[in-house]
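Based on the sequences and whatever the hints tell you, model everything.
From first to last, the protein sequence lines stand for chains A and B.
Going letter by letter, the first sequence gives residues 1 to 231 in the numbering used here.
Going letter by letter, the second sequence gives residues 1 to 231 in the numbering used here.
Be aware that a few hints might be false.
One copy or two, it doesn't matter: identical chains are merged, so the pair holds either way.
Said to hold, decoys possible - Cut-off 25 Å, straight-line C-alpha distance, at most; resulting in silico cross-link-like pairs (DMTMM-like, lysine to aspartate or glutamate):
#: 1; residue 1: Lys66; residue 2: Asp213
#: 2; residue 1: Lys176; residue 2: Asp20
#: 3; residue 1: Lys150; residue 2: Glu160
#: 4; residue 1: Lys150; residue 2: Glu69
#: 5; residue 1: Lys150; residue 2: Glu205
#: 6; residue 1: Lys47; residue 2: Glu129
#: 7; residue 1: Lys66; residue 2: Asp199
#: 8; residue 1: Lys88; residue 2: Glu129
#: 9; residue 1: Lys47; residue 2: Asp111
Bear in mind the hints are in silico, worked out from the structure with no lab data behind them.
Protein chains: 2
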Amino acid sequence: MRDGDFREIRNLPLFRDMEDRHFAELMRGAYYQGFPPQVMLIHEGSKADFLHILTDGVVELFAGCKGRETTMAFARPVTSFVLAACIKDMPYLMSARTLMPSRVVMIPSSDLRAVFARDAVFAQAIVSELAVSYRAVVRQAKNIKLRTAKERLAAFLFREAHTGEFESNFELPYEKRLIASYLGMTPESLSRVLRQLRDAGVTAEGANITIHDLERLRAVATPTALMDGLD
Amino acid sequence: MRDGDFREIRNLPLFRDMEDRHFAELMRGAYYQGFPPQVMLIHEGSKADFLHILTDGVVELFAGCKGRETTMAFARPVTSFVLAACIKDMPYLMSARTLMPSRVVMIPSSDLRAVFARDAVFAQAIVSELAVSYRAVVRQAKNIKLRTAKERLAAFLFREAHTGEFESNFELPYEKRLIASYLGMTPESLSRVLRQLRDAGVTAEGANITIHDLERLRAVATPTALMDGLD
DNA sequence: CGAGCGGCTTGACCCATGTCAAATTCGCAA
DNA sequence: TTGCGAATTTGACATGGGTCAAGCCGCTCG
Chain A
1 MRDGDFREIR NLPLFRDMED RHFAELMRGA YYQGFPPQVM LIHEGSKADF LHILTDGVVE
61 LFAGCKGRET TMAFARPVTS FVLAACIKDM PYLMSARTLM PSRVVMIPSS DLRAVFARDA
121 VFAQAIVSEL AVSYRAVVRQ AKNIKLRTAK ERLAAFLFRE AHTGEFESNF ELPYEKRLIA
181 SYLGMTPESL SRVLRQLRDA GVTAEGANIT IHDLERLRAV ATPTALMDGL D
Chain B
1 MRDGDFREIR NLPLFRDMED RHFAELMRGA YYQGFPPQVM LIHEGSKADF LHILTDGVVE
61 LFAGCKGRET TMAFARPVTS FVLAACIKDM PYLMSARTLM PSRVVMIPSS DLRAVFARDA
121 VFAQAIVSEL AVSYRAVVRQ AKNIKLRTAK ERLAAFLFRE AHTGEFESNF ELPYEKRLIA
181 SYLGMTPESL SRVLRQLRDA GVTAEGANIT IHDLERLRAV ATPTALMDGL D
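Here it is, written out as C-alpha cells:
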C-alpha cells in the first residue's frame, strides 16, 4: 500500500481518531487492489469477509431476487461499505460491482471485529458511520414509499444540483438505466418522466442536465431535509 | 421506576453489559410513562431529545410528506427506537405513536451520548443495535423494490407464521390498514391481494389467518434469508 | 470508416394498484 | 342487546408505470 492512500484512509472519519497501533493492525492484514469496470466485488448472501473501502472509482450496490435486480446505492470515494455485515459477521445483504476502474482497500472483517472490541474510539466512529448509513436508508425508503416517480426524479436532480454549491448545469454521474433502477423505475419511465420535467424547467441533452428554474423544480420535488438532507 | 421494569431494561442487549454506575446514570435522568392508544410520542423533524424504550404496548413508526403517510415499522416490547437520531443528535426521521396502551422509558439523549462517550462496552452494544436496525431497513427497502404487492403480503404472512415455532393459524398483530401501509399498498389492495392468496392456501376470517399449505405459500412468497431473515 | 453492440428514446398497449363510492362487518359502549 | 363509528370489503373505474418492440444514437473496435 502506498503512503498517500494510507493517509487518505487514515483521514476517514471511521479511522481518523483511532490509535496508531490499531490502525496499523488493520492495515497489516488489508489488501489493496485495483479493478476494471463491471467486476463483482461482493455477492449478496456470501459471508462478510472484508470491509471494503473505495479510494477511487465508483461502485454500485445492488440486490436481486428471482431474476429481478435493483440498485440500492452508489458508493463514491472515499467511503466504506458493507460495514454492518462485517461487524455483525452476517451475510452481505447487497452485492457490489465496479462501474468504473476502481481501487478498493479490503480489510478482513475478523481484524475489524478484533480491533473494534479493543479500541473504544474506533467503536464510537463505527457508531457514527452506522447511524449515518441507517438514516440514509430510512430516507431512501421514505422516498420510495411517499413519492411518485416524477417526484423522485425531481428530488434526485435537485440533490445532484446541490453537490457543493448549486450548479444549474451538470452531468448525471451514472448511466440513466442505473439511476432509474436506483429510483425504483424502468429506464423507459425515467426517460418519459424526465421529459415531463421540461415544464418544470429542466432540460436534458444526453447526460447533461440544465435546470432553468430552480423554484419550479422545487415545487415538483418538494425536497425536505428529512428525505433529502445530507446530514 | 419500578424495580421489575428496571431489570427488564437492564437485560436488553443494549444495556446488558454496561457498567452499573453508567446504567444508573442513564436511569437517573429517565422518565417512565404510560400512554393511552393513539398518542404521538415523536414528531418527525423535531430534535431527538429522548431515546425511547418500549416496555409494554405497541408503537407505530411512520413518516409523512405532503398529506401522504406511510408506516415504516412497528415497535414491540422490549425494544428501543430512534437510537440513530439520538446518537447523532439529529432530527427524528420518523414519527411515532402508540397503537395500544403503552409504557415507555425515555432517556435524555444528552445523557445517552455522555455515557456512550465513556463506556466502551455500551458503545459496542450500540454498534450491534444499529447494525441490526440498518440491516432491517435494507431488507425492507429490498422488499418494496423487488417484490410485487402479492409477494410482499405472502412473505409477511410467512414471517408472521414463523414467530417462534411455525403456527398455521394466527392473528394479525396490527390493523389491516396499518399492515397495508407498512407493505406499501392501500387497504383496498391488501384486501384484494389477501383474497388472491386463497389459491395459495391461505384463508382469512377477520384478523385470523390460516395457512393450509405452507409450501404453496412459500412458492408465492419465495422468502429468502436476505429479505426475510430475522438475523 | 463502417459494423455492431449497448444504451436511450418513443410509441402502443396493458396490467397492477390506486381512487372513489357504496355496502357490510366489527368493536365497543350505552 | 342495540346502535354508532370505524375498519374492512367489494365494485366500478382511472391511471401510473411496466412491457414489448422498434428505431436511434453514440460508442468502440476491427
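Hint check:
| no. | hint | verdict |
| --- | --- | --- |
| 1 | Lys66 - Asp213 | between (42 Å within a copy, 22 Å between copies) |
| 2 | Lys176 - Asp20 | neither (43 Å within a copy, 54 Å between copies) |
| 3 | Lys150 - Glu160 | within (15 Å within a copy, 34 Å between copies) |
| 4 | Lys150 - Glu69 | both (21 Å within a copy, 18 Å between copies) |
| 5 | Lys150 - Glu205 | within (18 Å within a copy, 39 Å between copies) |
| 6 | Lys47 - Glu129 | both (21 Å within a copy, 20 Å between copies) |
| 7 | Lys66 - Asp199 | between (38 Å within a copy, 21 Å between copies) |
| 8 | Lys88 - Glu129 | both (14 Å within a copy, 10 Å between copies) |
| 9 | Lys47 - Asp111 | within (15 Å within a copy, 36 Å between copies) |
The structure shown violates just one earlier hint, number 2.
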